[in-house]
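Protein chains: 4
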Amino acid sequence: MDAMTTTEAGATAAPSEPALEPVTHGYHKQKDEHLKRLRRIEGQIRGLQRMVDEDVYCIDILTQVSASTKALQSFALQLLEEHLRHCVADAAVKGGEEIDAKVDEATKAIARLLRT
Amino acid sequence: MDAMTTTEAGATAAPSEPALEPVTHGYHKQKDEHLKRLRRIEGQIRGLQRMVDEDVYCIDILTQVSASTKALQSFALQLLEEHLRHCVADAAVKGGEEIDAKVDEATKAIARLLRT
Amino acid sequence: MDAMTTTEAGATAAPSEPALEPVTHGYHKQKDEHLKRLRRIEGQIRGLQRMVDEDVYCIDILTQVSASTKALQSFALQLLEEHLRHCVADAAVKGGEEIDAKVDEATKAIARLLRT
Amino acid sequence: MDAMTTTEAGATAAPSEPALEPVTHGYHKQKDEHLKRLRRIEGQIRGLQRMVDEDVYCIDILTQVSASTKALQSFALQLLEEHLRHCVADAAVKGGEEIDAKVDEATKAIARLLRT
Numbered sequence: 001m002d003a004m005t006t007t008e009a010g011a012t013a014a015p016s017e018p019a020l021e022p023v024t025h026g027y028h029k030q031k032d033e034h035l036k037r038l039r040r041i042e043g044q045i046r047g048l049q050r051m052v053d054e055d056v057y058c059i060d061i062l063t064q065v066s067a068s069t070k071a072l073q074s075f076a077l078q079l080l081e082e083h084l085r086h087c088v089a090d091a092a093v094k095g096g097e098e099i100d101a102k103v104d105e106a107t108k109a110i111a112r113l114l115r116t
Numbered sequence: 001m002d003a004m005t006t007t008e009a010g011a012t013a014a015p016s017e018p019a020l021e022p023v024t025h026g027y028h029k030q031k032d033e034h035l036k037r038l039r040r041i042e043g044q045i046r047g048l049q050r051m052v053d054e055d056v057y058c059i060d061i062l063t064q065v066s067a068s069t070k071a072l073q074s075f076a077l078q079l080l081e082e083h084l085r086h087c088v089a090d091a092a093v094k095g096g097e098e099i100d101a102k103v104d105e106a107t108k109a110i111a112r113l114l115r116t
Numbered sequence: 001m002d003a004m005t006t007t008e009a010g011a012t013a014a015p016s017e018p019a020l021e022p023v024t025h026g027y028h029k030q031k032d033e034h035l036k037r038l039r040r041i042e043g044q045i046r047g048l049q050r051m052v053d054e055d056v057y058c059i060d061i062l063t064q065v066s067a068s069t070k071a072l073q074s075f076a077l078q079l080l081e082e083h084l085r086h087c088v089a090d091a092a093v094k095g096g097e098e099i100d101a102k103v104d105e106a107t108k109a110i111a112r113l114l115r116t
Numbered sequence: 001m002d003a004m005t006t007t008e009a010g011a012t013a014a015p016s017e018p019a020l021e022p023v024t025h026g027y028h029k030q031k032d033e034h035l036k037r038l039r040r041i042e043g044q045i046r047g048l049q050r051m052v053d054e055d056v057y058c059i060d061i062l063t064q065v066s067a068s069t070k071a072l073q074s075f076a077l078q079l080l081e082e083h084l085r086h087c088v089a090d091a092a093v094k095g096g097e098e099i100d101a102k103v104d105e106a107t108k109a110i111a112r113l114l115r116t
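Residue numbers (my numbering), protein chains in the order written: chain U, 1 to 116; chain E, 1 to 116; chain X, 1 to 116; chain F, 1 to 116.
Quick caveat, the hints were computed from the structure, so don't treat them as lab data. Predicted model, so just to flag it, every value in this text is computed and none were measured. Be careful, since some hints might not be right.
Below, in silico cross-link-like pairs of lysine-lysine (PhoX-like), each with a Cα-Cα straight-line distance of 20 Å or less [claimed, not checked]:
1. U:Lys94 with F:Lys70
2. U:Lys70 with U:Lys36
3. E:Lys70 with F:Lys94
4. E:Lys36 with E:Lys70
Start from the sequences, fold in the hints, and give me the full structure.
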């Protein structure tokens with residue numbers, strides 16, 4: 001995954017950079033909140049495994065799936081808002097062609113969220 | 001949970017059966033496949049936590065959120081199909097008012113999936 | 001469109017059948033209600049055209065798009081409920097392989113609704 | 001944020017414009033394309049009415065509902081992209097508090113699209 005490659009970059013970049021703003025991507029400050037949300041979703045998915053394991057009634061499992069999906073969408077919206085506020089707005093201020101690329105990229109991400 | 005009460009119902013309804021399958025709810029046979037799917041989704045959610053922790057680019061995180069949401073919807077559809085094939089079809093065969101209740105319940109579950 | 005080809009089929013099939021219940025498909029009795037709903041959605045789409053034509057603010061147009069999409073989904077759920085109650089339940093009562101085909105078909109239709 | 005520093009770029013650009021485009025809202029130039037799309041969707045909704053009227057099989061109607069919903073979502077995405085490219089980007093360039101309001105507004109519109 002792409003994500004994995006950034007691991008090393010982030011790990012080595014953090015100490016070497018002059019501590020201005022090492023890695024931002026918009027969602028930096030909300031990191032703790034995001035991790036808390038994701039741990040809660042992980043708990044919901046483990047709850048689903050327990051439900052299947054204990055032969056809980058299908059409809060009750062489906063209700064829990066809907067709740068987990070909603071929590072994931074909520075997390076995505078939060079991330080998207082921060083992305084628009086920081087990355088997209090920054091590109092607009094910088095001017096040039098980057099704003100087009102950023103808007104195109106954001107729209108495609110929204111399309112993927114809508115189509116799931 | 002409500003689900004637990006249905007267990008007894010199933011157990012007492014089954015006397016003609018050789019008591020081999022005490023609780024079915026349709027998805028019984030696919031249990032292993034369901035658990036495997038859910039464990040994979042749990043892995044995806046943990047992957048999301050790693051991505052946030054390592055300040056991966058927002059759009060890449062959103063792509064992973066879309067994949068997890070799609071996997072959850074896929075699991076829901078599988079469950080729903082088994083529910084229709086077993087619980088709803090059984091209610092139809094039994095006749096009486098139960099089919100109306102089952103269809104109503106299934107439709108509401110589908111509405112919840114659509115609205116998330 | 002597929003729909004159009006079915007028109008002729010429906011038109012020619014009707015007289016040949018023993019006029020007991022010429023065409024049912026579950027949603028027969030709710031036909032007037034369905035047509036009313038659809039005419040309201042058609043009005044919403046024409047409203048969208050007016051909004052675009054009068055350069056209404058994008059966000060207000062998007063709000064109206066969401067309302068129309070919700071109305072379409074609501075119509076789909078109503079139709080689906082009737083389909084489950086009649087066609088799927090009938091297939092279950094008849095027994096045989098038809099129930100599998102019907103459940104498979106219904107699940108695919110639900111998947112299409114979820115993926116839009 | 002960073003956006004504030006480049007505010008001047010926007011400030012100098014603003015007075016130079018000869019006020020030729022009274023109402024833009026981003027989607028101005030694509031107006032004809034939008035109207036064409038919407039008329040096509042209107043045709044699909046009228047097709048649905050014909051299908052219901054002619055007692056077409058429920059599943060075929062549901063397929064057409066999915067197609068219409070997808071067309072509406074597609075229109076919304078197009079509108080949203082133009083909104084981000086123009087209104088949101090403009091607010092970012094202007095600086096001040098407007099960008100927060102615009103991003104908040106856009107995120108809520110996306111949430112409404114996701115929840116339908």
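Comparing the hints with the structure gives:
no. : hint                 : result
1   : U:Lys94 with F:Lys70 : violated (35 Å)
2   : U:Lys70 with U:Lys36 : holds (16 Å)
3   : E:Lys70 with F:Lys94 : violated (38 Å)
4   : E:Lys36 with E:Lys70 : holds (16 Å)
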